[in-house]
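Engineer: Taken in sequence, the protein lines are chains A and B. Residue numbering for the first sequence follows numbering that gives the first Met the number 0, beginning at 0 and increasing consecutively. Residue numbering for the second sequence follows numbering that gives the first Met the number 0, beginning at 0 and increasing consecutively.
It should be emphasised that the hints constitute simulated quantities derived from the structure, not laboratory data. Fair warning: this is a prediction, and the values are worked out from it, not measured in the lab. Note that the Cβ used here is the ideal one computed from N, Cα and C, for glycine as well. Errors might be hidden in some of the hints.
Chain B side only, calculated, beta carbon under 8 Å to chain A, not exhaustive [unchecked claim]: (1) Trp59; (2) Met166; (3) Leu207.
Beyond 10 Å from chain A on every Cβ pair, some chain B residues (computed) [to be verified]: (4) Arg111; (5) Arg115; (6) Ser176; (7) Arg188.
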Amino acid sequence: MSRDRALAKLGRETAQGLGEGPSSDRRMAQRHRLVEVASRREKSGALVRARALLLFAPAAAIVAFVAGTRLMPTTAIDFWVGTATVAGTEGASLGAFSDGALPIRFEEGTRVELDPGTRAKVVRSSNKRAEIALDDGSLKAKVTSKSKTGIGWIFEAGPYVVNVRGTEFRLVWQSGSKTMDLELVEGRVEVHGPNIAREGVSLESGHVLHAEVTRGIAEVRPLQRAESSTSVPSVPSAAASATPPGEAPTGEAAGDIAPETPTGRDSVRSGPSTTRKTDPATEWRQLARQAHYAEALAAAREAGFEAQVARVGLVDLALLADTARFARSASEAKLALHALERRFPGSRQARLVPFLLGRVAVDLSSDPSEGVKQFRRYLAASPKGQLAEEAYGRLMLALEKTGDRAGAAEVARSYVERFPTGPNAALARSLLE
Amino acid sequence: MASARQIGPTATPPQARGNVRVLSPKVTDDELLAMFHRGAPQAPALLFDRYEADVNRLVWRFLGADRDHDDLVQQVFMDVLAGVSRVREASGLRGWIVCLTVNKVRTELRKRRVRRLFYGGSSDSVPHPEHNDDHEARDSLRRMYALLDQLAANERLAFVLRYIEGMPLAQAAEACSCSLATIKRHLQRAERHFVALAADDPDLSERLRSGGRWGTGEPIAEGGES
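Here chain A stands alone, though its shape is the one from the complex (with noise of 0.2 Å):
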């Protein structure tokens, strides 16, 4: 054997010996220990500027005054992620699962909702200037405005970028074919990106910005032209949903925005009015197949929820649990949920009730007690399951909610272990700090 080959082994074999550096306790720490190094860094760096202002302290107060509040220290607006009490960040990247969608409530009153399966990531949010960034999907915002707050809102849709004065709209990037379509309840707002001149279009309440990067296309439209248009592909309309943007659920947890709209053509073609001349027992489906949840849930009651409860077969059960869920209420969820349970034992959907269980517990209900009964449940009966990530993520969270913190740092401990790449483990880990 050459000896290059075997130092070479000889070296593979004490990098198997070391393994791959120090455990992860001692990492955590160096992490803890560097955030603390940095913020201190920053800390000291503000007072080194604070002194310097203070040694130039007339210059800098007509600087101040003439600049006006553009000399303010720019600090963080808090926002919350979802029905969790808990605080997003900048930078991260935010998704709303498929089924449903995700609210960000911001301290000054902007609300943001991403659309089911929509991914996106809150850039930045202080008292000056607040950036979303849309990935992939849709989102509806109503915007507190500029004049009452002073911070300047932008949204990002790949190349597209939207100043947000203070408004009400619907955005929608499609990263696959590049393709943004804006739509505005209220308000105005003005778009810089491909296809539009230097200075950027402004775009009026009650029309639509319809722009492709590929085709090289970017129109405004009023917004009744774009609904009967074929050349806008799955516009949804905020104004043609069934539960406007700007009405309160009935729930605490989604702030002020609806949780569910339609997302699609057919929504903006049918309403519901337009189609409650059927059998109601039919009607809730069709209604419930638009994501016209209320109207669905409604059309239900009105054929008798216990009845279509007791009757309909295991799809249509399941479409009546989601259809109470996505209306917000939790006691018909529940009923459905576990008629569901009870009636198809061993099917798939039966296997997920005591997940959605939780969710109805802990989003609708705000019992947090019964969140965390029903996650363990589903995790002891499903431990390998395709939603046991995002239950142990959600029981981590209601054993908090709940006020049990060491419950709340053991479930952290396996998540991290079980999912250390997980959207839950940088949470899990700064619950074990």
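Mind docking chain B on chain A? Use the hints.
Structural biologist: Below, chain B alone, put in the same frame as chain A:
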């Protein structure tokens, strides 16, 4: 003003402006740099999450389970934080951090060499405490690093990068901020010194001769790295 109960005793991390919390640390190098350029308070933690594995592994392999390991990692990250806002190309971030790590270890090795010259003393490495319960293997590791302690800093860096970290020569040269010819020269010297020193260690010399595996005596399979 909205209010929300925060989670855990460290709900508001010291570095945070406002009540921020990491929900997902997955950021790209581009995003990370952008966050540093605009002074995002959580950027240091996200940078650590992204690169700690690389830095920890490198320092660990350069020095073994060293008592100063955590301090060195900390110093590397402090250097990174001090200079990251000047980094413009995200594609160069990882390489730059590796270079900083190598430089930090080089400086440390040189300091230790001087300390040993003036004050005497032995290796700073200790038997691996965490991952290896095999006493024989731990002893082998200790002797391996005691031997590496006798190499010059550049030789040791080249040796570890090439043979323990398994880095291609070009990449090792980049990590050491030197040319390919220079790293080859360092490596040749390191090999020569290492083999000469290992001749005095019956275990190591036997392993080099027979290619036996640490602690098991298992023969080295043919077809290894050339």
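Engineer: The output says B:Arg115 does not contact chain A. Does that hold with a beta carbon cutoff of 10 Å?
Structural biologist: For B:Arg115, whose nearest Cβ neighbour in chain A is about 22 Å away, the distance exceeds 10 Å, so it holds.
Engineer: Beyond 10 Å from chain A, beta-carbon-wise, is B:Arg188?
Structural biologist: holds, 13 Å
Engineer: Hey, does the B:Met166 contact hint survive, CB to chain A under 8 Å?
Structural biologist: Interface hint status for B:Met166: violated (10 Å vs cutoff 8 Å).
Engineer: Please confirm whether B:Arg111 is truly not at the interface, meaning its C-beta sits more than 10 Å away from all C-beta atoms of chain A.
Structural biologist: Nearest chain A Cβ is 19 Å from B:Arg111, so the label holds.
Engineer: Is the nearest CB of chain A more than 10 Å from the CB of B:Ser176?
Structural biologist: B:Ser176 is indeed farther than 10 Å from all Cβ atoms of chain A, at 22 Å.
Engineer: Classify the hint on B:Leu207 as holds or violated, based on whether any CB of chain A lies nearer than 8 Å to its CB.
Structural biologist: holds, 5 Å
Engineer: For the hint on B:Trp59, does the least C-beta distance to chain A fall short of 8 Å?
Structural biologist: holds, 4 Å
Taken one by one, the earlier hints fail for this structure only at number 2.
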